[in-house]
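Those sequence lines, one after another, are chains W and S. Counting from 1, one number per residue, gives the positions in the first sequence under this note's numbering. Counting from 1001, one number per residue, gives the positions in the second sequence under this note's numbering.
If you're looking for bench data, these hints aren't it; they were derived computationally from the structure. Do not rely on the hints blindly, as some may be mistaken.
To be clear about the criterion: a stretch of chain S counts as covered by chain W if any three or more of its residues have a C-beta under 8 Å from a C-beta of chain W, and this derived list gives those stretches [stated by the list, open to error]:
no., segment
1, 1153-1162
2, 1186-1193
3, 1204-1215
4, 1240-1253
Every residue, glycine too, gets a C-beta built ideally from N, C-alpha and C.
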Amino acid sequence: MTAASDPLVRVENLKVWFKIRSGLIIDRHVGDIRAVDDVSFDIIRGETLGLVGESGCGKTTVGRTLVRLYEPTDGSVFFDGEDISHLSQRELRPLRRRMQMVFQDPYSSLNPRQSVGNIIGEPMRVHSSATGGDVDGAVRHLLDVVGLPRSAYSRYPHEFSGGQRQRIGLARSLALNPDLIIADEPVSALDVSIQAQIINLLEDLQDEFHLTFLFIAHDLAVVRHISDRIAVMYLGKIVEIAPSDDLYASPLHPYTIGLLSAIPIPDPAVERGRERIILTGDLPSPASPPSGCRFHTRCPFRQPHRCDTEVPELRVLGDGHAVACHFAEEIKAGAIRPHEVQPEPL
Amino acid sequence: MALLSVRDLEVRFVTRRATVHAVNGVSFDLEPGETLGIVGESGCGKSVTSLAMLGILPKPAGRVTGGSVVFQDRDLLKLPDSELRKVRGRDIAMIFQDPMTSLNPVLTVGRQLTEALTAHLSMDKKEAVKQAGELLDRVGIPAAATRLNDYPHQFSGGMRQRVMIAMAISCRPKVLIADEPTTALDVTIQAQILDVLSTLVREEGMALILITHDLGVVAGVCRRTNVMYAGRFVETGSTDELYARPRHPYTLGLLKSVPRLDAARRERLEPIAGAPPSNMHEATGCPFAPRCVYATQESRERMPELRPIDRHDHLVACWNPVPDADLPEHEIVAAEWEPR
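With the hints as extra help, turn the sequences into a complete structure.
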């Protein structure tokens, strides 16, 4: 990115490993799930950064570690210039007001025993940003902002549909007027006609409240629509990061190419005419990731050397477009053609 | 003559507190070897339709209150259970969304695969095991023969769905019903499964009914598409025609509310306003009217029937179909007009 860019969040060499324990009496540490393994990126103030990848790639773990719901194993997270990766919970509290999360499942992320007014007002009371009657007024205002009727105030989550509940979750995340919103699959649980309503609402809120978004999702079409830049994750690593249109127009990493090719397009004429690259095999276990490039076991562009021995670093090729592949230039130039990959038995 | 013919199918879920009008008069024909898509959002009745056809509605609440499902000159809805059981799994097979809960976790995959073969085709054990290995191989499971002794939990989600497909095609059914077969899977795995499914359907000459909420999946797999809303088919036609010239405002709304990967990024998506109606009451007017910008007085008062528009095989249930001027702009792409 250019010198003018001003990152709100900077992630440097972030690792989040979860211990695998075994043994009934003696607690042994037998290995690690390397959910996030050496990931670095920036989120520029005011932008929407999309984070895509398939289940188990570590995208949710990245999001949760940014707000310290998980502790980083190694590496740093800077928020507005301040290293927050080692702050105590008490030191974190004032910062938490400035970063909020929206979750995927609008059914389990709202307390069923609390009224909507209470749910949205709670952050304000906890952080004492408003008191008494002010909270009521602020909550009613937020209900207007997210497009819910004011009568929602005294009703309970079960009385609302999935789309409406997601609006409640959004109102709650806005209660403290945050700078950063981490939205983890905010529309995946919704039907398409409702999905579009929520996506539009997210865009409106961003303009109105000058928000910065980290938008985590598996649906590349949705992510491309809403994001300024997109980072693609595979098995704990970022394999490619680029401006949205660039990523679609000229994907450089073989995984991104496969991912884009796998996404069905709602147009039969286009679907028939597409050249498809179907990735074979399944995601390997993050407890024992493949050597070298983690994608080499499934890569249709795999070469006989380097791929299985040398870990590719994320390197910048062109304007803000970075890719972690040894042979990105050759693939782009068409010098390497895709070949068949035999899936390995698990 | 149609292989399977569904007429005016009506399904209700009756509980003490309420009656849910799940399916309200669905009719369609399935030709041999045809690939038919049923698209709709959650709660529109697309799964219930297929469950009702095979007589596996959740009991006791679910009941078929009208219509017929004629397969090979017999109405499946009138068959006794013992007869229906011979059809189910052999002539008409089904795969479900969640491959974990539809496989028995305490039996090996081989045992579950051979069960259908010995029951329906009266194969002996040895022959069935050999056949089961070949089936796993056909759906693309590596080292197929050695995996027959594995249990479902030893397979990944995509592999389990392959096992389900192997099981479904084991008796060479004439109709395969796939209910959201890829919804629980990642996109790269989805691509693999759809590829396997399309190849098998082509090679075996099976007819496929693909039930999904994903317009993209249907576009790639199905020749013909039905759009379902509130327990009714609101539009039906060849997939090409339907996507290029959607005449029902709901179909158009669905197409406009999904971001397309291949189109230029739009500033705004155009969602459908409001939410689907409650199906607790019998609808009198068009069920989509409250959310529809084309709705007229007639729409609100009288139920529209499916009738031809543009072509004899493109039917729409709408009093005021989408005019030419409002059709999506990319329509020119699909130039295929001759009937297939």
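Structure-based check of all given hints:
1. 1153-1162: With 5 residues closer than 8 Å to chain W, the segment 1153-1162 of chain S meets the three-residue bar; holds.
2. 1186-1193: It holds, with 7 qualifying residues against the three required.
3. 1204-1215: Satisfied; 3 residues make the cut.
4. 1240-1253: The restraint on the segment 1240-1253 of chain S holds, since 4 of its residues have a Cβ under 8 Å from chain W and three suffice.
Violation of the numbered hints given earlier is absent; every hint is satisfied by the structure.
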